[in-house]
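Dock chain Y against chain A, hints included.
Those sequence lines, one after another, are chains A and Y. In terms of my numbering, the first sequence opens at residue 1 and continues consecutively. In terms of my numbering, the second sequence opens at residue 1 and continues consecutively.
Check each hint, because a few of them may be wrong.
To be verified - For lysine to any residue, the following SDA-like pairs were computed, each having C-alpha atoms within a straight-line distance of at most 20 Å: (1) A:K102 - Y:A67; (2) Y:K106 - A:F105; (3) Y:K106 - A:G60; (4) A:K102 - Y:H10; (5) Y:K106 - A:S65; (6) A:K42 - A:F105; (7) A:K42 - Y:H10; (8) A:K42 - Y:V12; (9) Y:K106 - A:T87; (10) A:K1 - Y:G59.
To be verified - To give an idea of the interface, some chain Y residues facing chain A are shown, with a C-beta separation under 8 Å as derived from the structure: (11) G42; (12) L43; (13) K106; (14) L107; (15) F109; (16) G110; (17) G112.
To be verified - Some chain A residues well away from chain Y (every beta-carbon gap over 10 Å; in silico): (18) P8; (19) E15; (20) N22; (21) D27; (22) K42; (23) G43; (24) L44; (25) S70; (26) Y76; (27) A79; (28) Q114.
Treat the hints as calculated values from the structure; they're not laboratory data. Cβ atoms here follow ideal geometry from the backbone N, Cα and C, with glycine treated the same way.
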Amino acid sequence: KQEVTQIPAALSVPEGENLVLNCSFTDSAIYNLQWFRQDPGKGLTSLLLIQSSQREQTSGRLNASLDKSSGRSTLYIAASQPGDSATYLCAVLLPYGGATNKLIFGTGTLLAVQP
Amino acid sequence: DAGVIQSPRHEVTEMGQEVTLRCKPISGHDYLFWYRQTMMRGLELLIYFNNNVPIDDSGMPEDRFSAKMPNASFSTLKIQPSEPRDSAVYFCASSPRTGMVLPNEKLFFGSGTQLSVL
Numbered sequence: 001k002q003e004v005t006q007i008p009a010a011l012s013v014p015e016g017e018n019l020v021l022n023c024s025f026t027d028s029a030i031y032n033l034q035w036f037r038q039d040p041g042k043g044l045t046s047l048l049l050i051q052s053s054q055r056e057q058t059s060g061r062l063n064a065s066l067d068k069s070s071g072r073s074t075l076y077i078a079a080s081q082p083g084d085s086a087t088y089l090c091a092v093l094l095p096y097g098g099a100t101n102k103l104i105f106g107t108g109t110l111l112a113v114q115p
Numbered sequence: 001d002a003g004v005i006q007s008p009r010h011e012v013t014e015m016g017q018e019v020t021l022r023c024k025p026i027s028g029h030d031y032l033f034w035y036r037q038t039m040m041r042g043l044e045l046l047i048y049f050n051n052n053v054p055i056d057d058s059g060m061p062e063d064r065f066s067a068k069m070p071n072a073s074f075s076t077l078k079i080q081p082s083e084p085r086d087s088a089v090y091f092c093a094s095s096p097r098t099g100m101v102l103p104n105e106k107l108f109f110g111s112g113t114q115l116s117v118l
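In isolation and in its complexed conformation, chain A is listed as follows:
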């Protein structure tokens, strides 16, 4: 059974600091991995999607890497800002019987960037 774990569960950093969020998964047979952001009382917003054949994806100050063989992904946030404060979730897309696929979410990291 695929399990997705995120460490740390919570993180508080001063504004301007670079930071890394970690995601690990137990089954390397994934189609892709996504990083989402969730603001309080809101839905999830997809930030980056990495295909299983890719090593990393970048969007602005965000960089996500994927190491399938070790079951790990990292989300790097450069020059953090208070507006980056949110919960960050990773999710892996698994093959799941026939023509269907299943997205398994991690436990999330609550990030607080202090001004």
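Here is chain Y on its own, set in the frame of chain A:
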């Protein structure tokens, strides 16, 4: 496009009552998903549809839960009768995936329905 639209945003009801949650996916998206989020269990997939047809409902907790998608622009998740342990945030999401070869499309989430069953 306005994105995935869910209603109501908040629902407070008493145990035993019927609850209906509504979702309008993004126009043109082939897939619609219902998720439940709690502190204890995180985000769980309840059911998803492809072209209005339920594909996988193995995540539906029990027979009290049912979901329908009568057309491409509307879906409902119904709980009857509701129980306090059903209290959670229920999210609807849609995906524009058009084929099975490369499942690389992103999921687009609604803002969720905060359900409280007293």
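Status of the hints after comparison with the structure:
1. A hinted pair counts as satisfied when its Cα atoms are at most 20 Å apart, and A:K102 with Y:A67 qualifies at roughly 18 Å.
2. For the suggested pair Y:K106 and A:F105, the alpha carbons sit about 14 Å apart, so the restraint of at most 20 Å is met.
3. This hinted pair checks out: Y:K106 and A:G60 have alpha carbons roughly 18 Å apart, not beyond 20 Å.
4. This hinted pair does not check out: A:K102 and Y:H10 have alpha carbons roughly 27 Å apart, beyond 20 Å.
5. Distance restraint check for Y:K106 and A:S65: the Cα-Cα separation of roughly 17 Å lies within the 20 Å cut-off, and the hinted pair is therefore satisfied.
6. Restraint check for A:K42 and A:F105: satisfied, since their Cα atoms lie roughly 16 Å apart, inside the 20 Å limit.
7. Using a Cα cut-off of 20 Å, the hinted pair A:K42 and Y:H10 holds, with the two alpha carbons roughly 12 Å apart.
8. A distance of roughly 18 Å separates the Cα atoms of A:K42 and Y:V12; the hinted pair therefore holds under the 20 Å criterion.
9. Restraint check for Y:K106 and A:T87: satisfied, since their Cα atoms lie roughly 18 Å apart, inside the 20 Å limit.
10. Proposed proximity of A:K1 and Y:G59 is supported: the alpha carbons are some 14 Å apart, at most 20 Å.
11. The restraint placing Y:G42 at the interface with chain A holds, with a minimum CB-CB distance near 6 Å, inside the 8 Å limit.
12. Evaluation of the Y:L43 hint against chain A yields a held restraint, the C-beta minimum of about 4 Å falling below 8 Å.
13. Interface restraint check for Y:K106: the shortest CB-CB distance to chain A comes to about 4 Å, inside 8 Å, so the restraint holds.
14. At about 6 Å, the closest approach between the beta carbon of Y:L107 and any beta carbon in chain A falls short of 8 Å, and the interface hint on this residue holds.
15. Restraint check, Y:F109 versus chain A: the minimum CB separation of about 4 Å is within 8 Å; hint holds.
16. The beta carbon of Y:G110 comes within 5 Å of a beta carbon in chain A, closer than 8 Å, and the hint placing it at the interface holds.
17. Interface hint status for Y:G112: upheld, as the beta-carbon distance to the closest one in chain A is roughly 5 Å, under 8 Å.
18. Residue-level check passed: A:P8 sits 16 Å from the nearest beta carbon of chain Y, beyond 10 Å.
19. Residue-level check passed: A:E15 sits 27 Å from the nearest beta carbon of chain Y, beyond 10 Å.
20. The Cβ of A:N22 sits about 16 Å from the closest Cβ of chain Y, beyond the 10 Å cut-off, so the non-interface label holds.
21. For A:D27, the non-interface assignment is confirmed: its Cβ lies about 16 Å from the closest Cβ of chain Y, beyond the 10 Å cut-off.
22. Listed as outside the interface, A:K42 is inconsistent with that label: its C-beta sits roughly 6 Å from the nearest C-beta of chain Y, within the 10 Å cut-off.
23. Non-interface status of A:G43 relative to chain Y is broken: a Cβ of that chain comes within 10 Å, the nearest being about 4 Å off.
24. Not every beta carbon of chain Y lies more than 10 Å from that of A:L44, the smallest distance being close to 4 Å; the non-interface claim is violated.
25. The beta carbon of A:S70 sits about 22 Å from the closest Cβ of chain Y, which is more than 10 Å, so the claim that it is off the interface holds.
26. Distance check for A:Y76 against chain Y: the nearest CB is about 20 Å away, which clears 10 Å, and the non-interface claim stands.
27. A:A79, annotated as away from the interface, keeps every beta carbon of chain Y farther than 10 Å; the closest lies near 25 Å.
28. Look at A:Q114: its CB is around 24 Å from the nearest CB on chain Y, clear of 10 Å, so calling it non-interface holds up.
Hints 4, 22, 23 and 24, counting from the list given before, are not met by this structure.
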